[in-house]
Amino acid sequence: MLNSRLAAPIAALAVPLLLYGGALVSQYGFGLHPCEMCYWQRWPHQAAMVLAALALLLRRNDGAMRLLTILAALAIAVSGAIGIFHAGVEYGWWEGLTTCSTTASGPISLDDIMAAPITRCDVPQWTLAGISLAGFNAIFSLAGAAFVLALLRRGKAVR
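For the sequence shown, the residue numbers in this note's numbering are 278 to 436.
Simulated from the structure, these hints should not be mistaken for lab results.
Even for Gly, the Cβ is constructed at its ideal location relative to N, Cα and C.
Mixed in with the good hints there might be a few duds.
What the hints assert, rightly or not - Computed beta-carbon distance windows for the label pairs:
#	residue 1	residue 2	range
1	Y316	Y368	14 to 24 Å
2	A427	Y305	48 to 58 Å
3	D399	L334	26 to 36 Å
4	L387	S281	54 to 64 Å
5	P384	G407	19 to 29 Å
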């Protein structure tokens, strides 16, 4: 399977699917409300899932499948880069957002603002061995992107 030409696009779909799924489980299953930068990390994973799904749909066209898989891997890596930035903010290595933000849309009243959960970007809600969720996203996203690209290279060499 690892030498199959479909291994890379399958991995490019599985990596962001698992990471995005983990984010949703932590949010809805464990009540860890995402901050603004947490949402930033989700967008590239969503893009990667769409790109990888398109790559699999267009698998008969090797060039299109390869390009879409590369773009999916790059999107996964972008999420990892944002995770590095977010983790750096959490560890106090650099400054993050200096403005307030909310996930609400439309007209917002003071009551809406006061009822919203406060989630700061510079305070990790959960850590394991000193690594926050943003840090884990960075590690797994960058490793996942490298894995997809390695599979893509291996799949090309096998033909």
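Violations among the numbered hints: 2, 3, 5
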